[in-house]
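S.K.: Put chain B on the given structure of chain Z with help from the hints.
Take a look at the letters that make up each chain.
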Amino acid sequence: MGVEPEEWRTPSRQLLTLRRLEVGAPALLVLAGLAVAGALTGSAAAYGFAVGALVAGAIAWGIVGRRFGSWGYAEREDDLLVRRGVMFARLSVVPYGRMQFIDVTAGPLERSFGLATVRLHTAAAATDARIPGLEREEAARLRDRLAELGEAQAAGL
Amino acid sequence: MSSGPPEGWHRLHPLSPVVRGGRLTIAFTIPLILIAFGSEKLSNEAFQLAIIGVLALAGVVSWLVTRWRIEDDDLRIETGLLRRQSLRFPLAQVQAIDVVRPGLARMFRVAELRLRMAGSSGGTARLAYVAEHEVEPLRDQLLALARGARHDEAATPAPSTDEKPAPQAEHVLATVPTGRLVASVLLENWWLVVVLVGLIVGLAVSPHTVGRALRGAGLVWALSMVTFVWRRFNQQYRLTVSDGPDGLHLRGGLIALTAEVIRPGRVQAVRLVEPLLWRPLGWCRLEVDIAGRQRRKGEGEAQRGQLHVLVPVGTRALGMELVDRLLPDRPRELSPPPRRVFWKSPFRYRALSWGRSDTVVATTSGRLRRVTCWVPLEKTQSLRHVQGPVQRRLRLASVHVDTAGRSAHATLRDRDATEAKQALADLTDLARVARRRPAVT
Chain Z
0 MGVEPEEWRT PSRQLLTLRR LEVGAPALLV LAGLAVAGAL TGSAAAYGFA
50 VGALVAGAIA WGIVGRRFGS WGYAEREDDL LVRRGVMFAR LSVVPYGRMQ
100 FIDVTAGPLE RSFGLATVRL HTAAAATDAR IPGLEREEAA RLRDRLAELG
150 EAQAAGL
Chain B
0 MSSGPPEGWH RLHPLSPVVR GGRLTIAFTI PLILIAFGSE KLSNEAFQLA
50 IIGVLALAGV VSWLVTRWRI EDDDLRIETG LLRRQSLRFP LAQVQAIDVV
100 RPGLARMFRV AELRLRMAGS SGGTARLAYV AEHEVEPLRD QLLALARGAR
150 HDEAATPAPS TDEKPAPQAE HVLATVPTGR LVASVLLENW WLVVVLVGLI
200 VGLAVSPHTV GRALRGAGLV WALSMVTFVW RRFNQQYRLT VSDGPDGLHL
250 RGGLIALTAE VIRPGRVQAV RLVEPLLWRP LGWCRLEVDI AGRQRRKGEG
300 EAQRGQLHVL VPVGTRALGM ELVDRLLPDR PRELSPPPRR VFWKSPFRYR
350 ALSWGRSDTV VATTSGRLRR VTCWVPLEKT QSLRHVQGPV QRRLRLASVH
400 VDTAGRSAHA TLRDRDATEA KQALADLTDL ARVARRRPAV T
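Residue numbers (numbering that gives the first Met the number 0), protein chains in the order written: chain Z, 0 to 156; chain B, 0 to 440.
Isolated chain Z, as found in the complex:
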């Protein structure tokens, strides 16, 4: 027996695109810059660094993909499960009755992809339950549902 539900819900695929953009764009910029520098000065070092940037970018691309795959959440009867992390695999169980408030935030990049992050707060500072990259409607639905459940099951301190 475990706490694992049958089905994990995952963030939107858009989040993967966003995260890949976040690592891909800088890597490409550095690569382009180094390539131009190499062409202008003819120094081998610049080309070497360019290859390094390419490799680093590729590794980051892979990590981002795996990290995206690790995110998951499940609404159970009495609590919300949130799972994340590749190196450090974390699984949080937050009872609805313990939720103090729920944040929905969206940065400029997230907004342009139509995404939002839902974050749960309990009275414990150590609780870190956040779900990034939810589509806006899903984020709103989750927020309302959690607020409703939290109210129904609220427990005193």
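Please keep in mind that the hints were generated in silico from the structure rather than gathered at the bench. Keep in mind the model is a prediction, meaning the values are calculated, not measured. Careful: at least some of the hints might be erroneous.
Now the in silico label distances, taken between C-beta atoms and shown as ranges [what the hints assert, rightly or not]: (1) Gly51/Z x Arg278/B: 47 to 55 angstroms; (2) Pro388/B x Ala43/Z: 30 to 38 angstroms; (3) Gly106/Z x Arg82/B: 28 to 36 angstroms.
Covered stretches of chain B (in silico footprint by chain Z; criterion: 3 or more residues with CB under 8 angstroms from a CB of chain Z, positions within the stretch not fixed) [to be verified]: (4) 380-387; (5) 418-432.
Among chain B residues calculated to face chain Z with C-beta under 8 angstroms, some are [as the list claims (entries may be wrong)]: (6) His399; (7) Ala403; (8) His408.
In this text, a Cβ means the ideal position worked out from N, Cα and C, and glycines have one as well.
M.R.: Leaving out everything else, chain B in the frame of chain Z:
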């Protein structure tokens, strides 16, 4: 209460601004005395006098516009001249009521009443200052109201709010002999003693070099260390725990006296700490964690982030007795982690263990300073299962039990992976059951 009917508005003690000024008051009294004795000319001091006058006026005005009353189940405080504030503190949410008497307040026979409220948004209601002889009855009344408010919610609508509890006899459970307190503080901070002895020896051998070194940052550091030890000593001097009708009563302090009441149902976590050099003597320190916001300014920097100390130093048997009193259903048997944990944390390995009963989870940890932590499952906020890269290699995992407290937090560190998964599931279920059960106050 002598200052009017309980329904009416009360003012704080007229000397409040003087005590609140604290050191400032003392600093300002000196020039006044000098003038009074004619050793300074009045004209020289006109500017300073003006400042004193303005501050005194501000103090009096703030006293004039502040008033408080008990209204049904709320404590209401109104304050502020320009920015008028009306604060309402529901007594049902009171976590603890403290009586604090700083040195100056003791001189003027007044005391501060501090109501610690629940929730991260709630703060601390402060009544600074109330006459000394009124403080105890007022606190008893507030506590009775806090209890009454909760009982009304549950079953009895009987107006138990008016009844004034007779001063019950308190049964003293533990007190700390001064000699033992000194020894314990020195033993826990043994490195400090080593440094001090080193300095003294150094001064004796070659005063010049050491003196030069001291003049720099060393002096500041040494002073701050001494203040730290002093504060600790000041707070814990003659700390007495006694068993009262409404929970455990704490009293103590050398210059600033404090009196607190800790209610069993409000304890978020209990922690037993055994520093390295205390262990041969069989001593321990017992701390409890209570929900509530971080202490605010004016409450002393040293206290921030610290837990409530129930027993600054005592025998392990005494500590356990008090733990039993707070959490009667504590787990009796703790199980050690699998042997392979040695490869991950060779020093901590021996100290790790955990156990649970149906309502309480207990963990131990610590390399040199051994810490045992009990968390009532009813109070858990969330559970986290974490597996790091090394742990994965060794098929281990940790489970964190988060509480609303400040720093006590139980961690089932480095358990077998399947056991950790099972523990997570069990604790989730038990915590749910514990939450549903009506609280036993």
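S.K.: Given the range 28 to 36 angstroms, decide if the beta-carbon distance of glycine 106/Z to arginine 82/B lies inside it.
M.R.: holds (35 angstroms)
S.K.: Hint check: is the beta carbon of histidine 408/B less than 8 angstroms from a beta carbon of chain Z?
M.R.: OK, holds: histidine 408/B within 8 angstroms of chain Z, min 6 angstroms.
S.K.: Counting residues of the region 380-387 of chain B with a beta carbon closer than 8 angstroms to any beta carbon of chain Z, are there 3 or more?
M.R.: holds (count 8)
S.K.: Holds or violated: the hint that alanine 403/B contacts chain Z, with Cβ atoms closer than 8 angstroms.
M.R.: This hint holds: alanine 403/B lies near chain Z, its Cβ roughly 3 angstroms from the closest one there, short of 8 angstroms.
S.K.: Does histidine 399/B hold up as a contact with chain Z if the rule is Cβ-Cβ below 8 angstroms?
M.R.: Because about 7 angstroms separates histidine 399/B from the closest Cβ in chain Z, which is inside the 8 angstroms limit, the hint holds.
S.K.: Tell me whether the statement that chain Z covers the region 418-432 of chain B is true, taking a Cβ distance below 8 angstroms and needing three residues at minimum.
M.R.: holds (count 7)
S.K.: Is the hinted range of 30 to 38 angstroms satisfied by the C-beta distance from proline 388/B to alanine 43/Z?
M.R.: holds (36 angstroms)
S.K.: Confirm or reject the claim that glycine 51/Z and arginine 278/B have a C-beta distance inside 47 to 55 angstroms.
M.R.: Distance hint for glycine 51/Z, arginine 278/B holds at roughly 53 angstroms.
No hint from the list above goes unmet by this structure.
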